[in-house]
Structures are given as C-alpha cells and as structure tokens.
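> Given next are the chains, with one letter for each unit.
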Amino acid sequence: MSEVVLQLQGIHKSFGDREVLRGIDLTVRTHEVVALIGASGSGKSTLLRTINLLERIDDGQILLRGQDISDPRVPADAVRARIGVVFQHYNLFPHLSVLDNVTLAARHVFRESRQDAEARGIDLLGRIGLAEHARSFPDRLSGGQQQRAAIVRAIATNPELLLLDEITSALDPELVGEVLDLVRELKAEGTTIVMATHEMAFARDVADHVVFLDQGLIAEQGPPEQLFGAPREPRTREFLSRFLS
Amino acid sequence: MTSTDETARQPSSIELGRRAFRRRQTIRSVAISAASTVVLAVVLWATIINTPGWARVQQTFFDPEVFWAALPRVWDGFLLNLRVLGFAVAGVLVLSVILAIVRTLRGPIFFPLRFLASAYTDLFRGLPLIIVLYLVGYGVPGLQGPGEARIPAVVLGTVALILTYSAYVSEVFRAGIEAVHPSQRLAARSLGLSHGKTLRLIVLPQAVRKVTPALMNDFIALTKDVGLISVLGAVDAVRAAQIETAKFFNFTPYVVAGLLFVILSIPIIRLTDWYTARLRDREQIGGIV
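Residue numbers (my numbering), protein chains in the order written: chain A, 167 to 411; chain B, 7 to 295.
Please note: incorrect hints may appear among the correct ones.
[As the list claims (entries may be wrong)] Not the full set, but computed from the structure, chain B residues with beta-carbon under 8 angstroms of chain A:
1. Pro-17
2. Ser-19
3. Ile-20
4. Glu-21
5. Phe-27
6. Arg-29
7. Arg-156
[Claimed, not checked] Cross-link-like lysine to any residue pairs, in silico, SDA-like; alpha carbons within 25 angstroms at most:
8. B:Lys-216 <-> A:Pro-260
9. B:Lys-216 <-> A:Val-275
10. B:Lys-216 <-> A:Leu-270
Just so you know, these hints were derived from the structure itself, not from any lab. The C-beta atom is built at its ideal place from N, Cα and C for all residues, glycine as well.
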C-alpha cells in the first residue's frame, strides 16, 4: 500500500442547528483519485472546505501526511499552501493576467523570483494550450479556458493534494470535456486528487475510489466498478438511478 | 442514520483540547490588548500633564464650573443643530436621488437635464461649504424686497447644507446605480417592467444596499457640518458656545459643544460598522478567511 496523504477521522461540522457533516472517516493515499458524489447539500463541498481549513470543524481530526492540521497551533496558511483548490466558479482574480494568476502563490507565498515563477507558469500554460493567453486577462477566456487556468494556478506550486469542488458544474456542456481531459492528465502524472463531482461517468472512469455522501455521512464507498456496478445500499441505488434515467 | 443520537453527541477529547487552546488564546489576546491600552494611556497622560502649560490649558479649556454653567445654553443650541440635521438629511436624500437618476437617464432628449445635473454636482463639489453658506445666507436675503419678512438664517443655512451635500451624495447613489449588474436590468425589463419601475423596484434597492456604508459616512460628516450654520448667526451649539465663551472668558463651552457632537456621532458610527459587518457576513456565507 502506498503512503497515506490525507486521513479524516470523525469529522463533524454544523452551520447553526444544521449538522452538515456527521462523522466522516476517509483515507486518501498518494496518487489516488477519490470522487465524492451525493445530492446537493450532502456535504461534499463543506468536506472539501474543511480539508483546506476554510471551514473550522466542530469535531474530529484531519491528518495531512500524519500531521494534525486541525490543531489550532498549526499555521493555517502554511497548510493551505500545501493543498491546491479549484472552485466551481474558477475564482480567477479578474485584475491579474492569467500568468499573474498562475504565478501569484509561487512569487508571494513561496518567494520565488519572478523569472523562475513565470518560466514555469508559461511552461504549464503551454502544456494546456493557453500559452498565447498568458498575458490576457481572465475575462477574455472561455469558461473552459478559465477553469483550466484555475487548475494550473492550483497545481503551479506542486501541492501534495488537489481538491476539485464541482469544477465542471458552471461550464457549458461542450466545455466540460477539455477540463475533464486535464484532470485525466493530472491523474496520469500521479497527482493526488479529492474531487466533488456530479459527472458520474467521469467519476466512474477516473476515480480509484468513490465515496457516496448522504446527509452528512458516508453511506457507501468503494471502487467505482463496485459502487456504480453493484451498489449495496438502497440509498446509493436510488441516487444513481436518478442520474442514469 | 447512525445509531447514536446526534443531538446528544459529546465532543471528543481532541475537540475539547482545541476549544481549551482557543479559549486560552482569546484570554491571552484580550490581556495583551488591555495591557497595551493601559500603557499607551499612561504614556499619553504623563506626556500631556508634564507639558509646561498644562495647568493653564486645563483651566481655560476644562473648567468644570464653566462646563456645567454653559451646558444648558449650548444644549439648547445643540437641539437646533439636531432639527437642522433632520431637515438636511431628508432634503439631501430627495435631491440627491433625483440628481443621480437624472444623471443615469439615457437618450438624447435628456441631454440638457443630464448636463444641468452634472454641472450642478461639479459646481457644488468644488465650492467650499463655507462659501455656499455665505452666498446663500447673505445673497438670497438680498433678493428680497425691502418690506418682506426676512428668511431666518437657520433655513438658509439648511438650504446651503442640502445644496452642497446633495452633490456629494448623488455621486454616491450614481456609483451604486451603476454598480448594479446590467443583467438585473435585463431581467426586470424581460418581465415587462418599465424603465421607471425597473429603477424603483430593482435597481435602486440594490444600489442603496451597496452604497449604505458610503452614505453613512457622508451622514456622519453632515452631523458635524450642521455646526457651520453658526456663521450665519443662527444660535446653534457652536454659536451658543461662542457666546458663553465670551461671557466666562473661558474656552470650556467649545469643549462642551464638541463633546455633544461626538456623542451624537458615536451611535451613527457604530450603526455603520454594524451594518457594514452584516453586509459582509451575508455576502460571504461561511468561511473564516
């Protein structure tokens, strides 16, 4: 078995009276792609946000390579620098060029020289076919291009873990493919990924492990063939049937 | 569902440890801020009372007897300021919204109106308030015939305040109207709402919400500038303080008036802070960054 990157133990999170996460246990190993599926409001996005410490958990532990990052003594910014996040609405900075978006963390968090950061940024953008857009501003790009630029921004500093939060949900259908292709490439390169997604076919195709969340709990998890092919739980079957019909 | 009763769930020892740590951190930061405040206050106080002229200044500006003797008159004047403030706020709101709407009107037929409105805002944002006060306060009575009753200085002062502040506030409103996303306008027009109804029901409510902090800021500035009507001879808090100062040969009445204005502005400032914080919380639901 390969090394454990992320371990969640009994994660609880409430917003007011509403318990969004009610005890989540999950292990993610290096080079593994884990897909979180479930209805809206099942806690997928909240779970991703807690991993990146954007939400404070109410109970449980989050271990990143064995270090308890939910400990308040651990500096949150340093933890976040080790984890890349891609959001549903891209969240590119509109006042910065695509290249500046991509090199921002390298230059201002990791204190790399502008030259080094930009060389790597242009190289990365070139690999996804956006080199000629490096100096453009995000609003000149299509949604798919913006989201691919956002992915490059997240991986530009070689994070140990990449979180993808429904990254194709805001895209036009014909632009979904190019973004998913990029995720496939990242998987081929060995990136460790946890992604919340509504793209069942994609999850089945790319994920090594699929987790079905229902009402803040893991209702079922397993390899994609088993979870999609022969779901054990009635709730999983019901959820999947709504997607397949 | 799990078999455990979720509402009765007890936090784990890890979570209790985290909470204890955060509590200690809070106590520590409160203690540090208290200590640094005390140190700063002591340093300031020691510096001031050790200046050579402190005894004299204390006598002429902070005389308790004069303070209490002057308070009733200054308070009466302050009530006049409050009334002026009320009328000025109402007038500014009406005039500035009209100006802002006129400046956002499209179409060549409205050109003269647009031009007048922008000329107005340019002129009155450029003119110092005190000049406007003098021009209105002494110029308008000059227009009256010899037998007519004089317009009171308070009224003229209020008009001058409204003229100047409307120019500022209309720009704030205009910025707010233009900050409402065009798609909102499209959505409203697609429902069949007229231009006017779109503005009134869709655009203005969102614009006001966006610019409320800036509006409150102008409002706070206005609460102090009502004191300037004293230059026209209206007996407001500042003028009353001036009279009392002459009577006692002591500057304490000015401190009284200043204190009253500060006491008036503090609740407004707090209200602004609270409202701004609430807006921010609403826009970023969840999240601690």
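> Indicate, hint by hint, whether the structure satisfies it.
How the hints compare with the structure:
no. : hint                    : result
1   : Pro-17                  : holds, 5 angstroms
2   : Ser-19                  : violated, 10 angstroms
3   : Ile-20                  : holds, 6 angstroms
4   : Glu-21                  : holds, 4 angstroms
5   : Phe-27                  : holds, 5 angstroms
6   : Arg-29                  : violated, 10 angstroms
7   : Arg-156                 : violated, 56 angstroms
8   : B:Lys-216 <-> A:Pro-260 : holds, 20 angstroms
9   : B:Lys-216 <-> A:Val-275 : violated, 32 angstroms
10  : B:Lys-216 <-> A:Leu-270 : violated, 29 angstroms
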